[in-house]
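Student: With the hints as extra help, turn the sequences into a complete structure.
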Amino acid sequence: MLQIEDLSVAFRTRKGEVNPVRGISFEVARGEQLGIVGESGSGKSVTSYALMRILDAGGEIRTGTISYGGIDLRRAAERDMRSIRGREISMIFQNPRAALNPIRKVGHQIEDVLLQHAQATRQDARAKAIEALEAVRIADPQARYDAYPFELSGGMCQRVVIAIALACSPRLLIADEPTTGLDITTQKSVMDLIRELARAREMGSILITHDLGLAAQYCDRIVVMKDGRIVETGAPQRLFTEPEHPYTRRLVDATPVVGASIRSLLPAEARTPEPAHRVQDHPVLEAVDLVKTYPSKSGPVQAVKGISFAIRAGQSLGLVGESGCGKSTTSEMIVRLLDPSSGKILFDGQDIAAVPAARFAWHPLRREIQMVFQDATDSLNPRDTGASAIAEPLARMGGLGGRALKARVAELADLVGLPQPLLSRYPHQLSGGQKARVGIARAIALEPKLLILDEPTAALDVSIQAVVLNLLVDLRARLGMSYLFVSHDLNVVRLLCDEVIVMKGGEIIERGPTAQVMSAPAHPYTRALIEAAPQPPVKTPA
Amino acid sequence: MAKDTLTAAEAPPRRDGTLAHIGHVLRENPVTMLAFAMLGFFLGCALLGPVLVPYDPLATEAARALEPPSFEHWFGTDNLGRDVFSRVIVATRLDLTISVAAVALSFAFGSVLGGMAGYWGGWIDAVLNRCLDTIMAFPLFVLAMGVVAALGNTVENIIYATAIINIPFYARLVRAEVNIRRNAGFARAARLAGNGDLRVLAVHIFPNALPPMMVQVSLNLGWAILNAAGLSFIGLGVRPPTPEWGIMVAEGANFIVSGEWWLAVFPGLWLMLAVFTFNLLGDGLRDIVDPRKRT
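Protein sequence lines correspond, in order, to chains B and C. Residue numbering for the first sequence follows the numbering used here, starting at 1 and increasing by one per position. Residue numbering for the second sequence follows the numbering used here, starting at 1 and increasing by one per position.
No lab work stands behind these hints, which were simulated from the structure alone. Just to be clear, a hint being listed does not mean it is correct.
What the hints assert, rightly or not - Dumping the calculated SDA-like pairs for lysine to any residue here, alpha-carbon to alpha-carbon at most 25 Å:
| # | chain 1 | residue 1 | chain 2 | residue 2 |
| --- | --- | --- | --- | --- |
| 1 | B | K297 | C | A126 |
| 2 | B | K297 | C | G268 |
| 3 | B | K297 | C | D125 |
| 4 | B | K504 | B | S189 |
| 5 | C | K293 | B | E196 |
| 6 | B | K406 | C | G196 |
| 7 | B | K128 | B | D56 |
| 8 | B | K297 | C | R182 |
| 9 | B | K297 | B | P421 |
| 10 | B | K226 | B | A29 |
| 11 | C | K293 | B | D56 |
| 12 | C | K293 | B | Q420 |
| 13 | C | K293 | B | P419 |
To be verified - Some chain B residues well away from chain C (every beta-carbon gap over 10 Å; in silico):
| # | residue |
| --- | --- |
| 14 | G58 |
| 15 | E78 |
| 16 | G86 |
| 17 | N101 |
| 18 | H108 |
| 19 | R271 |
| 20 | F309 |
| 21 | H428 |
| 22 | A443 |
| 23 | E499 |
| 24 | G512 |
Backbone N, C-alpha and C define an ideal beta-carbon position, used for all residues, glycine too.
Tutor: And the structure:
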């Protein structure tokens, strides 16, 4: 149905020409679910923009043909393209909230598409829009028709986006990272929905993702892209069991699946024995009856409802839950950026919750509790070089200066594997993995006893995630730190943590040794979380 | 990983000092280059003008009053026989001083007020906003007139008046820029690194507001000059015979009807060029203070 041959795309930039796509060919058969997998910068999104002819300014298709059902999309007039987009080929974008107009009712946004492509008249538009909402299984579509995007959850917004994309019954659906930023259970229901609708309508689909596991579960065939080229194509089962290209093997290895160990995520040649860490009996931190209440329009809301837990010295504790479960609020209270409404936080027996967060900056224990933030880009000051970011806590609390400070920064850079020349760069000149290293180096600069890791790998590609996780394991063994690892992804938590706590609605619903929680979850919600994770085919031991 | 860090490490180490960066910004954009060249010219006039000009700007010579531009008097002479060229050049120092001082004052006060309001919010924010609203509710030029009339007719008071009417623009801008960053990851990280609120605000958050501020500063410098000239034009502020562009235009305007156009046109032209220069400067200044342009 769709045939792409020798497609290459070029962008003109200040520093000369960039070629994100360099001669790729693939096809999508009628009703086929194709996955395009690659890490950031591999050209997978640009490919889809090129075939929809919505490349940014400065981008142009250099060579190749794109033919869709016999129409040459590369040469089609802009007018024809407009009727093809949405009507024949539809697209779902990464951030559903950004894809919807925030000040229009979702029902009207669906009607717009229907009217635009003459699929409905003024009279029956409303009925058809509600029908479209029904099709994506939104509860109470009549009421949701009048909702604004901000009133809906992320998963609901993505359903509305899908409803818009499918409103005109396209024959091909392109989904560009449709579940990034969604919770893992929402991801599963959205992906299930897309697959089901595609099957029912005999619609072809292209799933663009960085997550090989997800693509393997939902696609018939996978194209692996790297640096603008296709390195391998094949059925998911085959890719996982016998990947031909070394890059595919790296990706397969780096995907955390059931049974993988943390070292097995790395390429075979980089695997060293995993260092053991020693867990002691005395707790380094105890949270007792922590409560956080926020005021809201409809009375106070309890984000955290009196939870208690302890982290023993040297232990890694996983804190798992989906967005809104209170895990971020909890970690902010522990790291003393936020004051709890009530409850105690005992660090080595001393109640640090008694000191207000605003004054904790001068507390002697400030240096013992540090944090690695979720978004490495956001957590680095755009005006500071890597070196000054790492030097900040050392200069403020470590009392270092001059040459000693410089030496310590260099030492830390070595410790996290950041090449020295990169230290003088600004954050925007560093890659995602490098920024994550700067953030980790800054957090461990004062060798804190407790390090809070707030989804440190959520924004990273899988291969970089593998490296960062392994770095954390090495640092733990070397510096004897305790970790509080906050994440929504049980598969990742499992690799790093000795014990795990599952939170839902501000309460702890399950806790225990990681292996036990993973293999025999007691609470149905924990089970749902485990099952929602993509289940790629089991790989061959390498 | 191995790959992403390695390739970056292989890249030649860059030496990107501030001077080199400024050089790069100037080379990149000829308009910025022109603006900086003109700024250099005006600064030169301000610093060296009184030494360089051919005539004493205050010396009258009744015999040669109202002569049109000639080789001897480039911009002609005024009704008292003073050399217009000398007066225009000498006036640069006063006009630039007024505008730079006024803008520096409003920048400083606006930043402090806006930073506090944006960072702590709450009642500080509410009170500050209402005060700024009150200032902005007046026609700004009339407000400046009132301030100068009330405080007295001196150069300092022109500066204060100009600063007051500009504070709201800076405060609003800083408030918005600080507000979106007060809970940014890097601000929280700075707190973890042992910085108190004040240091987080001043050292980590505020500098990020500089790029848009620079655009505001450059536009404001132009406005401030116009404002000072305007006040002098209507008889407030600088008093004759001090050379100042606004007064010169005001005095020269009387002679336009009788054909002596050079009295008003040349100081007006200089005023226009100065405002033009500052307006052109904006983008360049922003690029200089924005580390993201250092690629």
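Student: If any of the earlier hints don't hold here, list their numbers in rising order.
Tutor: Violated: hints 2, 5, 7, 9, 21, 22.
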